[in-house]
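Enquirer: Given next are the chains, with one letter for each unit.
Number of protein chains: 2
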Amino acid sequence: MSKFASRMKSMEKSAAVIRNLFGAMNDPEVISFGGGAIAKECLPVETIREITQDILQRDTRGVEALSYGPVMGVRDLREVVISDLIEPKGVMTTVENTMILAGGLEAMNLMCQVFIDPGDVILVESPTFVHSVEIFDMFQAKCIAVETDENGMNMDDLEEKIKKYNPKMIYLIPTFQNPTGITLSLERRKRAALLASQYDVVVLEDDPYRDIRYNGVELPPVKAFDATGHVVMANSFSKIFSPGSRLGYLVADETIMEKLADAKSATNSHTAILPQIICAEFFKRGHYPEHHRKLCSVHKVRRDAMLESIDRYFPMGTKRTSPDGGLFTWAELPQGLNTTKMLTEASTNPEVKVAYVAGEGFFTQGNGKGNNCMRLSFGAVPPEKIREGIEKLGNLLRQYEGKYSMKVGS
Amino acid sequence: MSKFASRMKSMEKSAAVIRNLFGAMNDPEVISFGGGAIAKECLPVETIREITQDILQRDTRGVEALSYGPVMGVRDLREVVISDLIEPKGVMTTVENTMILAGGLEAMNLMCQVFIDPGDVILVESPTFVHSVEIFDMFQAKCIAVETDENGMNMDDLEEKIKKYNPKMIYLIPTFQNPTGITLSLERRKRAALLASQYDVVVLEDDPYRDIRYNGVELPPVKAFDATGHVVMANSFSKIFSPGSRLGYLVADETIMEKLADAKSATNSHTAILPQIICAEFFKRGHYPEHHRKLCSVHKVRRDAMLESIDRYFPMGTKRTSPDGGLFTWAELPQGLNTTKMLTEASTNPEVKVAYVAGEGFFTQGNGKGNNCMRLSFGAVPPEKIREGIEKLGNLLRQYEGKYSMKVGS
Numbered sequence: 010m011s012k013f014a015s016r017m018k019s020m021e022k023s024a025a026v027i028r029n030l031f032g033a034m035n036d037p038e039v040i041s042f043g044g045g046a047i048a049k050e051c052l053p054v055e056t057i058r059e060i061t062q063d064i065l066q067r068d069t070r071g072v073e074a075l076s077y078g079p080v081m082g083v084r085d086l087r088e089v090v091i092s093d094l095i096e097p098k099g100v101m102t103t104v105e106n107t108m109i110l111a112g113g114l115e116a117m118n119l120m121c122q123v124f125i126d127p128g129d130v131i132l133v134e135s136p137t138f139v140h141s142v143e144i145f146d147m148f149q150a151k152c153i154a155v156e157t158d159e160n161g162m163n164m165d166d167l168e169e170k171i172k173k174y175n176p177k178m179i180y181l182i183p184t185f186q187n188p189t190g191i192t193l194s195l196e197r198r199k200r201a202a203l204l205a206s207q208y209d210v211v212v213l214e215d216d217p218y219r220d221i222r223y224n225g226v227e228l229p230p231v232k233a234f235d236a237t238g239h240v241v242m243a244n245s246f247s248k249i250f251s252p253g254s255r256l257g258y259l260v261a262d263e264t265i266m267e268k269l270a271d272a273k274s275a276t277n278s279h280t281a282i283l284p285q286i287i288c289a290e291f292f293k294r295g296h297y298p299e300h301h302r303k304l305c306s307v308h309k310v311r312r313d314a315m316l317e318s319i320d321r322y323f324p325m326g327t328k329r330t331s332p333d334g335g336l337f338t339w340a341e342l343p344q345g346l347n348t349t350k351m352l353t354e355a356s357t358n359p360e361v362k363v364a365y366v367a368g369e370g371f372f373t374q375g376n377g378k379g380n381n382c383m384r385l386s387f388g389a390v391p392p393e394k395i396r397e398g399i400e401k402l403g404n405l406l407r408q409y410e411g412k413y414s415m416k417v418g419s
Numbered sequence: 010m011s012k013f014a015s016r017m018k019s020m021e022k023s024a025a026v027i028r029n030l031f032g033a034m035n036d037p038e039v040i041s042f043g044g045g046a047i048a049k050e051c052l053p054v055e056t057i058r059e060i061t062q063d064i065l066q067r068d069t070r071g072v073e074a075l076s077y078g079p080v081m082g083v084r085d086l087r088e089v090v091i092s093d094l095i096e097p098k099g100v101m102t103t104v105e106n107t108m109i110l111a112g113g114l115e116a117m118n119l120m121c122q123v124f125i126d127p128g129d130v131i132l133v134e135s136p137t138f139v140h141s142v143e144i145f146d147m148f149q150a151k152c153i154a155v156e157t158d159e160n161g162m163n164m165d166d167l168e169e170k171i172k173k174y175n176p177k178m179i180y181l182i183p184t185f186q187n188p189t190g191i192t193l194s195l196e197r198r199k200r201a202a203l204l205a206s207q208y209d210v211v212v213l214e215d216d217p218y219r220d221i222r223y224n225g226v227e228l229p230p231v232k233a234f235d236a237t238g239h240v241v242m243a244n245s246f247s248k249i250f251s252p253g254s255r256l257g258y259l260v261a262d263e264t265i266m267e268k269l270a271d272a273k274s275a276t277n278s279h280t281a282i283l284p285q286i287i288c289a290e291f292f293k294r295g296h297y298p299e300h301h302r303k304l305c306s307v308h309k310v311r312r313d314a315m316l317e318s319i320d321r322y323f324p325m326g327t328k329r330t331s332p333d334g335g336l337f338t339w340a341e342l343p344q345g346l347n348t349t350k351m352l353t354e355a356s357t358n359p360e361v362k363v364a365y366v367a368g369e370g371f372f373t374q375g376n377g378k379g380n381n382c383m384r385l386s387f388g389a390v391p392p393e394k395i396r397e398g399i400e401k402l403g404n405l406l407r408q409y410e411g412k413y414s415m416k417v418g419s
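From first to last, the protein sequence lines stand for chains A and B.
Take 10 as the starting number for the first sequence in the working numbering and just add one per residue.
Take 10 as the starting number for the second sequence in the working numbering and just add one per residue.
Be careful, since some hints might not be right.
For lysine-lysine, the following PhoX-like pairs were computed, each having C-alpha atoms within a straight-line distance of at most 25 Å [unchecked claim]:
#  : chain 1 : residue 1 : chain 2 : residue 2
1  : B       : K170      : A       : K12
2  : A       : K412      : A       : K378
3  : A       : K350      : A       : K309
4  : B       : K199      : A       : K18
5  : A       : K293      : A       : K328
6  : B       : K49       : B       : K303
7  : B       : K350      : B       : K362
8  : B       : K98       : B       : K199
9  : A       : K350      : A       : K394
10 : A       : K328      : A       : K303
11 : A       : K199      : B       : K12
12 : A       : K412      : A       : K328
13 : A       : K151      : A       : K18
14 : A       : K22       : A       : K12
15 : A       : K378      : A       : K170
16 : B       : K309      : A       : K12
17 : B       : K18       : A       : K151
18 : B       : K293      : B       : K18
19 : A       : K12       : B       : K199
20 : B       : K151      : B       : K18
21 : A       : K151      : B       : K12
22 : B       : K22       : B       : K350
23 : B       : K12       : A       : K172
24 : A       : K170      : B       : K12
25 : B       : K293      : B       : K303
26 : A       : K394      : A       : K98
27 : A       : K12       : B       : K350
28 : B       : K394      : B       : K309
29 : B       : K378      : B       : K350
30 : B       : K173      : A       : K12
31 : A       : K173      : B       : K49
Think of the hints as simulated: they come from the structure by calculation, not from any bench.
Given only the sequences and the hints, what does the whole structure look like? Please build it.
Expert: Here is the structure:
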């Protein structure tokens with residue numbers, strides 16, 4: 010058989026992590042804190058049905074919805090993105106600089122097509138989003154982790170590493186980060202944009218959770234501080250509209266957008282038209298504000314249930330993040346508890362049947378870092394199930410802890 | 010600014026061809042024989058609206074349609090593809106070996122991710138589909154043209170070139186080829202599969218037009234003769250369902266499909282769910298047979314109008330293909346008529362205002378081959394407009410011919 014391309018080997022490890030991530034979620038009896046889905050009750054099924062009834066007429070947008078479309082995306086969706094989602098954040102852009110993608114993840118793929126040659130360095134947070142790392146690996150980039158704390162990526166360490174590694178790209182998930190829920194501070198956002206300009210490095214700002222805020226003050230995107238066109242802003246409609254629509258968007262200055270459009274054309278021509286029109290109409294008809302309120306209030310309750318339950322049921326000495334929004338919290342267990350090793354039992358033991366994502370997979374260092382951590386998603390699970398699941402998981406963790414203590418003592 | 014990846018340079022030329030291909034189609038007064046669209050009246054707007062009304066209910070498929078889905082695609086769409094579109098052609102496969110893509114073009118992108126390292130050789134038809142070449146260029150493959158005649162790719166020359174160039178992949182568009190409308194003979198299909206096995210080279214069989222047949226006998230896909238898993242079959246729902254849905258599929262044996270699934274996951278997670286469910290239901294509810302009949306009868310009339318008009322209005326000595334199906338015919342003009350140079354005038358001169366695709370862009374040889382050829386798409390233009398457009402274009406060509414003769418004589 011023809012030999013596979015060398016990138017298939019480079020991505021083998023992270024591809025296995027991704028496959029297992031989603032593989033574990035198939036048993037309906039398992040309470041899964043695994044995937045990144047939102048509450049089913051927030052999926053706007055009825056509204057989308059109404060909209061579809063209207064637009065799928067020959068004298069409205071029916072023919073448009075089923076025909077080939079522009080590579081940049083349907084124009085009124087791009088206009089809506091600008092007026093409703095980007096300008097309110099303090100970022101000025103135009104339709105020419107805004108492209109609609111087949112989901113937020115496609116942004117990472119296209120940015121790699123445009124910028125990454127094998128061996129190029131991408132500076133990432135520690136931990137970072139494993140699915141993006143799978144893409145970076147497919148493009149044979151070298152991912153280097155930058156020190157990260159409760160305010161996000163450390164900018165002094167970023168500057169050090171820019172000088173040391175001469176990276177092609179810096180990858181940030183600055184708000185309610187996947188997997189930690191942490192938010193990059195205002196100071197650091199400004200500094201990230203300055204460093205990018207100063208050292209002439211592209212920043213890929215991946216911000217799909219930013220609009221799901223429960224408390225605290227909204228922060229401008231890094232892009233808002235970008236004076237020289239070094240920041241490319243990527244976002245998704247998966248959380249704020251629906252994951253199944255596979256819609257996202259990219260904002261980039263002209264020189265970069267030209268190349269991104271060519272890469273998009275050579276990936277899948279353009280994004281599906283019907284979902285784009287539905288989404289544009291959803292916003293144009295004024296459905297978003299109420300939908301957004303509901304989204305935030307439903308998930309706030311789930312976040313609260315998650316944090317309270319962790320505090321109540323997890324072993325003493327557990328540290329966890331306090332996300333002001335988004336869908337994830339990150340728990341760091343006492344030393345000795347290995348979340349990678351415990352996962353199979355957690356999801357299959359009839360007394361437990363709870364899934365989480367083991368933390369180790371989110372670190373690019375590859376030295377076992379994070380093997381006492383776990384990402385817990387609260388978006389897709391009702392509050393009472395969150396409590397039940399965390400209690401059962403907590404019991405399991407305490408049993409393991411007991412075993413560990415016994416080994417140490419004997 | 011961070012340097013662009015080297016693949017951006019490799020794809021520059023074909024990216025420009027693609028941009029111009031679609032750029033020229035914006036003037037509504039131009040009769041465009043450019044793009045590859047189908048007749049608007051064949052877009053099943055009403056049926057899709059009905060289906061969408063049904064499925065977008067919470068107690069039917071509404072939640073599924075808006076949620077994350079499987080990387081391989083919605084299961085019942087894969088089942089429908091197998092039962093309605095693949096098995097009737099003599100190809101046996103399973104859902105595990107069938108993946109739903111975001112459009113047929115994505116197949117070329119994913120196959121390159123899996124197989125192509127920079128410098129790897131892909132053997133292609135001469136001419137071949139320029140949009141696929143853009144993808145091959147983005148992956149920095151070296152495209153080598155194989156001799157092609159009225160029965161498709163020449164298998165003796167294919168074998169010679171396999172031995173000479175040690176290719177990674179052979180790319181075929183075997184039925185009603187884009188751009189020529191030519192069909193690979195039965196003999197050559199069998200031989201292609203044998204050569205692939207014998208020399209251990211993967212064949213990518215791209216067959217989106219095969220079901221739009223007006224006359225003649227249907228031929229089994231190359232995949233039907235594949236005994237060793239070397240043939241990967243790609244197809245699209247763009248012509249037989251709707252282009253705007255961005256749906257396609259790939260059939261590959263297990264070892265290859267594993268890698269394709271990882272590449273898909275690292276491209277955009279999975280294909281949009283709503284279009285997949287609509288398409289599955291379209292077939293399951295029995296709409297396809299009548300839709301298919303209408304598709305063939307409407308486009309047959311257009312094909313006939315195109316061929317008759319070319320014969321009537323184009324310069325003497327013009328050769329053209331006689332496609333038994335599909336959406337394209339290919340005209341080779343008398344020497345001295347340069348279709349690349351004439352295109353601007355053809356599409357902007359008020360007496361003409363007709364667009365076609367200049368033939369040169371479809372050849373990978375890069376030596377001006379095909380500069381007296383043009384691809385003419387008849388799918389999206391009503392018959393009377395086809396006649397009008399070809400007459401006007403024919404007049405222009407004859408004027409150029411006159412000019413040419415005068416230059417030669419003086």
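Enquirer: Run through the hints listed earlier and report the numbers of any the structure violates, in increasing order.
Expert: 3, 4, 5, 10, 16, 18, 26, 27, 31
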